[in-house]
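Here is what each chain is made of, one letter per residue.
There are 2 protein chains.
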Amino acid sequence: MTQVRNKQVILRDYVSGFPKESDMIIVDSTINLNLPQGSNELLLKNLYLSCDPYLRILMTKDTTSGIGALTPGSPLTGLGVSKVVESGHPDYKKDDLIWGMTKWEEYSLVPATGMFKIEHTDVPLSYYTGILGMPGMTAYAGLFEVGTPKKGENVFVSAASGAVGQLVGQFAKLTGCYVVGSAGTKEKVDLLKNKFGYDEAFNYKEEHDLNAALKRYFPEGIDIYFENVGGKTLDAVLLNMKVHGRIPVCGMISQYNLTQPEGITNLAHIIYKRIRMEGFGVFEYYHLYTKFLEFVLPLIREGKIAYVEDIAEGLENSPAALVGLFSGQNVGKQVVVVTHE
Amino acid sequence: MTQVRNKQVILRDYVSGFPKESDMIIVDSTINLNLPQGSNELLLKNLYLSCDPYLRILMTKDTTSGIGALTPGSPLTGLGVSKVVESGHPDYKKDDLIWGMTKWEEYSLVPATGMFKIEHTDVPLSYYTGILGMPGMTAYAGLFEVGTPKKGENVFVSAASGAVGQLVGQFAKLTGCYVVGSAGTKEKVDLLKNKFGYDEAFNYKEEHDLNAALKRYFPEGIDIYFENVGGKTLDAVLLNMKVHGRIPVCGMISQYNLTQPEGITNLAHIIYKRIRMEGFGVFEYYHLYTKFLEFVLPLIREGKIAYVEDIAEGLENSPAALVGLFSGQNVGKQVVVVTHE
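Protein sequence lines, in the order shown, are assigned to chains B and U. Our numbering applies: residue 487 is where the first sequence begins, and numbers increase by one. Our numbering applies: residue 487 is where the second sequence begins, and numbers increase by one.
Hints listed in this document are in silico derivations from the structure and should not be mistaken for laboratory results. C-beta: ideal position from N, C-alpha, C; glycine also. Keep in mind that a hint or two might mislead.
As a list, the in silico DSSO-like pairs of lysine-lysine whose alpha-carbon atoms are at most 30 Å apart [to be verified]:
{"no.": "1", "chain 1": "U", "residue 1": "547", "chain 2": "B", "residue 2": "728"}
{"no.": "2", "chain 1": "U", "residue 1": "701", "chain 2": "B", "residue 2": "547"}
{"no.": "3", "chain 1": "U", "residue 1": "718", "chain 2": "U", "residue 2": "681"}
{"no.": "4", "chain 1": "U", "residue 1": "777", "chain 2": "U", "residue 2": "531"}
{"no.": "5", "chain 1": "B", "residue 1": "718", "chain 2": "U", "residue 2": "547"}
{"no.": "6", "chain 1": "B", "residue 1": "637", "chain 2": "B", "residue 2": "718"}
{"no.": "7", "chain 1": "U", "residue 1": "506", "chain 2": "U", "residue 2": "547"}
{"no.": "8", "chain 1": "U", "residue 1": "718", "chain 2": "B", "residue 2": "718"}
{"no.": "9", "chain 1": "B", "residue 1": "718", "chain 2": "U", "residue 2": "728"}
{"no.": "10", "chain 1": "B", "residue 1": "547", "chain 2": "U", "residue 2": "547"}
{"no.": "11", "chain 1": "U", "residue 1": "728", "chain 2": "U", "residue 2": "691"}
Stretch-level coverage of chain B by chain U, calculated; a stretch enters the list once three of its residues show a Cβ under 8 Å from a Cβ in chain U [as the list claims (entries may be wrong)]:
{"no.": "12", "region": "646-659"}
{"no.": "13", "region": "733-739"}
Throw the hints in and build the complete structure from the sequences for me.
Written out as structure tokens, the structure is:
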């Protein structure tokens, strides 16, 4: 039996309001680096962890979302890139690289179900927490399967420099759409215009009248709004949608920390403009993952798509990295490096 | 030249808040009962006029709806059943019965475009303002084309005894769904259960907690919510939708008279449950009208569908009939009889 240290990030208690670093504690645990007798699970060494907005939803006790919750006193669970230390499952063997649900700790014992084996390693491994993982698939499925963009259509993306938004904008540009993004700092707005190729971008914090801002960038209206934030942005967007507009609803990050969400008052425009507003879950589209890789890997290799990560080094810095998502501290996809292998 | 009296219902001015009878005035005008030389229009004798909630939207001056507006000082326009007095259009001749857009007056000169010729007269002519007209097509298209019900699914209908709601519920029952409706009086709730065959029905005015009411009738959640009212009902419904639920958005009558619409706070459930919420306009489905008649006429003739009208006699009573829609005075489809032929 090989006992080693296993640093963990423990959820202290359920969270209400904005999460704080102190909602998580770092502890040194130990773990046996041998798989239990007869186990069909995987023993993983975690390399990269993904900081995702949906984790906030799982930190609420009386979640009405019905999508489960984290357990206080236990390590956070989330998506990550890991190396197989020992496998009890025939599909995986020692030293395989995989991505999927793991825990916020150095080593994890997890079920093998729902894991993706990493076949392509000529790209940074951390990309499998983002452009080649769940956020990439989210952008792909949400834009193409739910939003169904056509060349020449007008697309608006909120949280546009985030893990998902930066890809949605670029995928829409590749489709021949006019694309505008909103973000919360000048640095992010510059990224949108100069790195991600958005046609226009604006800082929503500097717009006192979001309706007027949208009318400025979309004098003829919006065909597709890729919804990441909810709240006031959604309300202003509804006033500016075109007939038969589509709103793929990916997230509503502005609302997750509010005990009483903001009220949306312009929903009647769904009737006036015959709008389709549709929530989606990326996990229902993973059958398209191979097709997605065939689409996105060449774009990465040929430098036809840009991708920005915000890297936090070490589990010690992971609470701050996660909390920072909700005040927009991250620039691009927020990743935590547990170890560089 | 045959000049005759032409009683008209004139919109006095744009309306804000709840409409009042005094927002309309009855005047005696005159009309020449000969078609102008070279006209390709239709001169109609109006028989039945349809009171529809959407008319309220057209009474607002600064409509952001983009669906046009009525003109103060002119007669109201709306759907009706009429007899052709003289036709300048090759598709119609004297004494043809038609339904389509006409004006709130005894005789109207209107374009022939968009009119439907009435071929089946073994049913009451007034039905072409309702079950055989726009509201019938609305129920049919909204439920079957947008809602896509499957046998055994759970369907909730608001304003369920109205022109559209009473048909949605019956169509859903014919599909093998479990169907619950809400309405605003005991009389209407009784109609829903005893005449329209709803499985359950409740008076929303007697429910202090709409969320609790919906949980009582839908312990396993709602697959399809046919949205007619908006506001608090929609907010409670969002908490009770099932995964992959659908919300065909037909109307939001509770909101049309508010200067500041109520805020909807539970939209994040669109993500959690992957809900599709979709506004639709019946005018985009009229290519299905013949198919619809083939579906619904046998149901009427064989007594397999119930249909309740609320008849107001005479143009003098039309302002009260229209205004009554917004406080739920009508029981069933509100029709105004201009003349019994």
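We went through each hint and held it up to the structure:
Under the criterion of a C-alpha separation no larger than 30 Å, the hint pairing residue 547/U with residue 728/B is consistent with the structure, at around 21 Å. Restraint check for residue 701/U and residue 547/B: the C-alpha separation of about 20 Å stays at or below 30 Å, so the hint holds. Between residue 718/U and residue 681/U the CA atoms are separated by roughly 27 Å; this keeps the pair inside 30 Å, and the hint holds. Distance check on the hinted pair: residue 777/U and residue 531/U sit about 28 Å apart at the alpha-carbon level, within 30 Å; holds.
For the given pair, residue 718/B sits about 25 Å from residue 547/U by alpha-carbon distance, which is consistent with the 30 Å threshold. Pair hint residue 637/B plus residue 718/B holds up; C-alpha atoms about 28 Å apart against a cutoff of 30 Å. This hinted pair checks out: residue 506/U and residue 547/U have alpha carbons roughly 16 Å apart, not beyond 30 Å. For the proposed pair residue 718/U and residue 718/B, the alpha carbon gap of about 19 Å is at most 30 Å, so the pair holds.
With a CA separation close to 26 Å, the supplied pair residue 718/B and residue 728/U stays within the 30 Å bound. With a C-alpha separation of about 47 Å, the suggested pair residue 547/B and residue 547/U falls outside the 30 Å cut-off, and the hint is violated. Only pairs whose Cα atoms come within 30 Å are accepted, and residue 728/U paired with residue 691/U is accepted, the gap being roughly 25 Å. Only residues whose C-beta sits within less than 8 Å of a C-beta in chain U count toward coverage, and the region 646-659 of chain B has 0 of them, not enough to reach three; the restraint is violated.
For the region 733-739 of chain B, the assignment as covered by chain U holds, since 4 residues bring a beta-carbon within under 8 Å of that chain's beta-carbons and 3 suffice.
In summary, the numbered hints that this structure violates are 10, 12.
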